[in-house]
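Enquirer: Chains as they are written, first to last, in the UniProt record's numbering: chain A, 1 to 328; chain B, 1 to 328; chain C, 1 to 328; chain D, 1 to 328.
No wet-lab data here; the hints were simulated from the structure.
Every residue gets a Cβ at the ideal spot worked out from N, C-alpha and C, and that includes glycine.
Don't take every hint at face value.
Stated by the list, open to error - The calculated lysine-lysine pairs, modelled on DSSO-like cross-linking and capped at a C-alpha distance of 27 Å, are: (1) A:216 - C:7; (2) C:63 - B:63; (3) D:63 - B:219; (4) C:63 - B:56; (5) A:63 - C:210; (6) B:63 - C:231; (7) C:311 - C:219; (8) B:219 - D:56.
What the hints assert, rightly or not - Simulated restraints on C-beta separations: (9) C:88 - A:231: 36 to 46 Å; (10) C:299 - A:58: 35 to 45 Å; (11) D:234 - C:177: 21 to 31 Å; (12) C:63 - A:82: 24 to 34 Å; (13) D:205 - B:79: 48 to 58 Å; (14) C:88 - B:96: 49 to 59 Å; (15) D:56 - C:177: 17 to 27 Å; (16) A:96 - B:316: 54 to 64 Å.
The residues making up each chain are set out below.
4 protein chains.
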Amino acid sequence: MKESAVKKIAVLTSGGDSPGMNAALRAVVRTANYYNIECYGVREGYNGLINNDFLKMGARSVKNIINQGGTILKSARSAEFRTKEGRQKAYDNCIKLGIDGLVCIGGDGTFTGAKIFNEEFGIRVIGIPGTIDNDIFGTDNTIGYDTALNTAMDAIDKIRDTATSHNRVFFVEVMGRDAGFIALNSGLATGALDILIPEKKDSIDELFAKFRDAEKTGKASSIVVVAEGEKLANVYELAEKTKLTFPDYDIRVAILGHMQRGGSPSCADRVLASRLGYGAVTGLMEGQTNVMAGMRSNDLTYTPIEEAIKKHNEINEDLLLISKILAI
Amino acid sequence: MKESAVKKIAVLTSGGDSPGMNAALRAVVRTANYYNIECYGVREGYNGLINNDFLKMGARSVKNIINQGGTILKSARSAEFRTKEGRQKAYDNCIKLGIDGLVCIGGDGTFTGAKIFNEEFGIRVIGIPGTIDNDIFGTDNTIGYDTALNTAMDAIDKIRDTATSHNRVFFVEVMGRDAGFIALNSGLATGALDILIPEKKDSIDELFAKFRDAEKTGKASSIVVVAEGEKLANVYELAEKTKLTFPDYDIRVAILGHMQRGGSPSCADRVLASRLGYGAVTGLMEGQTNVMAGMRSNDLTYTPIEEAIKKHNEINEDLLLISKILAI
Amino acid sequence: MKESAVKKIAVLTSGGDSPGMNAALRAVVRTANYYNIECYGVREGYNGLINNDFLKMGARSVKNIINQGGTILKSARSAEFRTKEGRQKAYDNCIKLGIDGLVCIGGDGTFTGAKIFNEEFGIRVIGIPGTIDNDIFGTDNTIGYDTALNTAMDAIDKIRDTATSHNRVFFVEVMGRDAGFIALNSGLATGALDILIPEKKDSIDELFAKFRDAEKTGKASSIVVVAEGEKLANVYELAEKTKLTFPDYDIRVAILGHMQRGGSPSCADRVLASRLGYGAVTGLMEGQTNVMAGMRSNDLTYTPIEEAIKKHNEINEDLLLISKILAI
Amino acid sequence: MKESAVKKIAVLTSGGDSPGMNAALRAVVRTANYYNIECYGVREGYNGLINNDFLKMGARSVKNIINQGGTILKSARSAEFRTKEGRQKAYDNCIKLGIDGLVCIGGDGTFTGAKIFNEEFGIRVIGIPGTIDNDIFGTDNTIGYDTALNTAMDAIDKIRDTATSHNRVFFVEVMGRDAGFIALNSGLATGALDILIPEKKDSIDELFAKFRDAEKTGKASSIVVVAEGEKLANVYELAEKTKLTFPDYDIRVAILGHMQRGGSPSCADRVLASRLGYGAVTGLMEGQTNVMAGMRSNDLTYTPIEEAIKKHNEINEDLLLISKILAI
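Between the sequences and the hints, there should be enough to build the whole structure, so can you do that?
Expert: Encoded structure:
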């Protein structure tokens, strides 16, 4: 093997946390250790770079975390890193410590920071997509997405029990400020009557038409899954409007909220995180920079960070049709 | 065995549904079947009595439901059953069918209906405590309570992951309009910093004192579990007030909501439901009436319905102290 | 849309059951219903074709099954269908009923039967890959594989708790007679010290070398995940041999067994099953035959059944290296 | 409050581990801390006393463990502690450190050791029942039992899926060498056709009679739950004998094994562990010794260790009858 392009790397988690970040961190640390690259953990995202909050990490530093939700490095959004002064401080600290490569685990915002940092100071950076929203281009799935889907689905399955027992209509809000992946997939998986997501133009009349169709087929209870970022209306407004038109309906609202970010990662997420953690370190070693490690159809790929941020995984139109057909 | 006091019984589920109602129903139907008592299911609670919505049930009618949340008989609150006319209709339907015993699975409201019905018309009734709230006297646990505790706990464990990763304060509302059992036990089980329940007088100053103590011990994230029926303030108000006093805190709110009512029942709930379903039918056969079947320290007991409604399981004061000591 | 190539289809599940078969069945039935194709369920796999055990299915026949493990049509291996006479009977029954398309949900054996049936009698067949083993070419994942991974992982996580508490070595057998996918992925996800699978040549010396390395790094407990079809030795033999060489080790064996086939399907499996059920019916309508519906990198694909049987998804060599690096 | 009878205590976990041991440990440490009692953790059970392996513990030493299976102190069976010399060493180490009270978390064997140690050397001891077997007198439930029930039940639910899909008979072995609590309750909760436990005299003819009855009622698949300690035969022998008499049956065996000891504790187990950990420390403070802290019908009780070991919770005869009636 030719010489590694990096000798001493740092790793951080930033932005909203997602299940599997710890598994990714473990993979980064142990891969570095295996290839004799020194490795430092950075606490609380980019703030840790600025505040010189580095932590030397060896193979045992990451034991027993592969199955833990959250991130032991903690995460934060950093206002200071958005300023040139902040980034200068961060760079100075890296230089002082001899850091020549940086692994950034997070989403859009995290990657934007990494890209600017690389372009300003030339330090090698590589991204690992860790977010439950799955809205990152360059990887089939982001780390945490699969776990969040199962969490949302389990919760909706439970709501279904009580909805059916009482002939109720439930509006369930799931996470996804800009992306409907969680809503679409968890809705399909739970037989939701309708699924409202920001990527498509929804109308209240179509929703009401579905309620009327459901009545005709004898469906006595219904669940409508709504992405956080839905533009038509939020779950409370939807419930109100529905009540006005269907005064006999017994309507409830549920907001699944932050529990979707936690929990022990699924097998798929642990495997994905392990592969991407490994891929990030070996990528840096091979000279990659300003790219994101991703997995497409079971193959490790590197996508320029710029592309990962700008492009988006498209919602599959088929899924919308299928969910409509199957929720009959 | 002497002759059974009943020959043909009906069973209904009423009020808010709870996990294990199906397991109780299964036990009622199969116990009746075993002792050659005819058994009818009544749909949608007391409404089914009024609307003559009976369903003959045999051993196979209840197969594959022991592990299902909700209630296949469906549940409802019945305004009409609160009127004398409604109850008269219900009684007439029972007489027409030859029903001489009624098993009512539900909570306070269900039992009140059963009691009045028995006192007015003399028909034998027996209650089975099915509610997640555990606020029924005469049984250590109500059916569904244990499952709801685990559901709430699992959700709070997940919230804990993200709270810790971001150094956040979470106010989590759990079910319990009149009773703090779910809040107290799920809060204790998740190491909540504070637990606010309707049974004790809470003050915002005490809560704030706990935040200050937590800061001193270096606790960076906290969860406060709040019962739905808490009198001091709801979770949104608590979050706002806290923000005013602790402007640096990153505060979030989570309302666990109706998912707490659903899900496959826990082993304890399935066993409890099976024993009470059996106990209700054998109780009716032995001539019991106007009582509730319950389980106290592993023994089947019958408590007058009046007592079950009027008295309440007291919150254990020790638990409050213990939760305070352990959440250090 | 041009005219459908099929008017009346039948659907069956065959071979070992897997979580998500019901979700696939639901998708087949409802998609057929949506496009006005008559649909029949066949009971107990190919036996049902031979025994004329057809069941007319409409949209409501498949309600409340998307979240259920197993298969409501039941599954079986059919010796009679392996004979020409058996297949003739099956074909005669199809013709009598007017079946012009057959959806076969299962694995290798199921597809072989479908292929021969198609080639002998010309009846259109399409396969849906339903098996936990993931050993089918033409789809990234088979239906049930993701759920089985999570089930195996959860069990191994639990075993890890007790292994760590007692400094024990556990040999854990997971399913996979010919394929190591479950072993490799669940082993990677649980930090197994070693993973033994039929696709690679294992030696007892390498295993023992890993035990010695683990001792050096201070690892006091270890888990070795072994695929059912491992050629070196089975878990009991491995435990014995290890005991001879490491007499101080406290060694235990666990065989996860059939629980890996059951359980409510994961979100990924429900979505996959829904898409493939839809794809199978629309495929038949468009004139596809003797192919299998699969999903590759989020796209619906049709692979000739012959290819699906003959080729195999290869174990990713990277994964073996990664699991070795990360289990340090 | 009068002066505490102890000033410096030690706590250990011994014997087979059970979910909730960590929660009990947390409660012991934090209660001691709250009342200004110094507290030491002892590693690997009684071995730690002998090997002088003490660990000073404060409130933060036990953070984030309430939800973890296993025991961070590790557990072991100690041959040396069964000798007078071993116990003398243990006592000398306690004296050197100034330990005047010992909390022993475990089962029968653990308590026997504690009792002898107390009787020989006078050091105050108190037991906390931590075992999944529930075979300890003086408490309604032991710590870990409820979690183990849910683990066994979930596994059997999954096995049920595949049993039903293939019309199979499964013999499922659950833990319980001397006690049938897990078998009886998990079997009742999963509708097992028969439940074989060491506490009752089983006969193969009765079992076969149940198979014949099941056939008559049209039951196509069956699960028989067998306790590890069943005297009639083990699961493999039962399967063989059944095959001889019912050659058409498709029979499988499953041994749930050590996964029953692990996993995150249920809410009931965390609450029980918290209360008993608190009760053990306050008991020692109040002068209790040679007793076990237990919970009966929601009340904290202290039972002489001798009684806890000698007496046994009886299997409830009703449960056997109920399981028979309900598995129709």
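Enquirer: Give a verdict on every hint.
Expert: We went through each hint and held it up to the structure:
| no. | hint | in the structure |
| --- | --- | --- |
| 1 | A:216 - C:7 | holds, 25 Å |
| 2 | C:63 - B:63 | holds, 17 Å |
| 3 | D:63 - B:219 | holds, 10 Å |
| 4 | C:63 - B:56 | holds, 22 Å |
| 5 | A:63 - C:210 | holds, 17 Å |
| 6 | B:63 - C:231 | violated, 42 Å |
| 7 | C:311 - C:219 | violated, 40 Å |
| 8 | B:219 - D:56 | holds, 20 Å |
| 9 | C:88 - A:231: 36 to 46 Å | violated, 59 Å |
| 10 | C:299 - A:58: 35 to 45 Å | holds, 42 Å |
| 11 | D:234 - C:177: 21 to 31 Å | holds, 25 Å |
| 12 | C:63 - A:82: 24 to 34 Å | violated, 51 Å |
| 13 | D:205 - B:79: 48 to 58 Å | holds, 56 Å |
| 14 | C:88 - B:96: 49 to 59 Å | holds, 56 Å |
| 15 | D:56 - C:177: 17 to 27 Å | violated, 52 Å |
| 16 | A:96 - B:316: 54 to 64 Å | holds, 56 Å |
In the structure shown, a violation is registered for the earlier hints numbered 6, 7, 9, 12 and 15, in ascending order.
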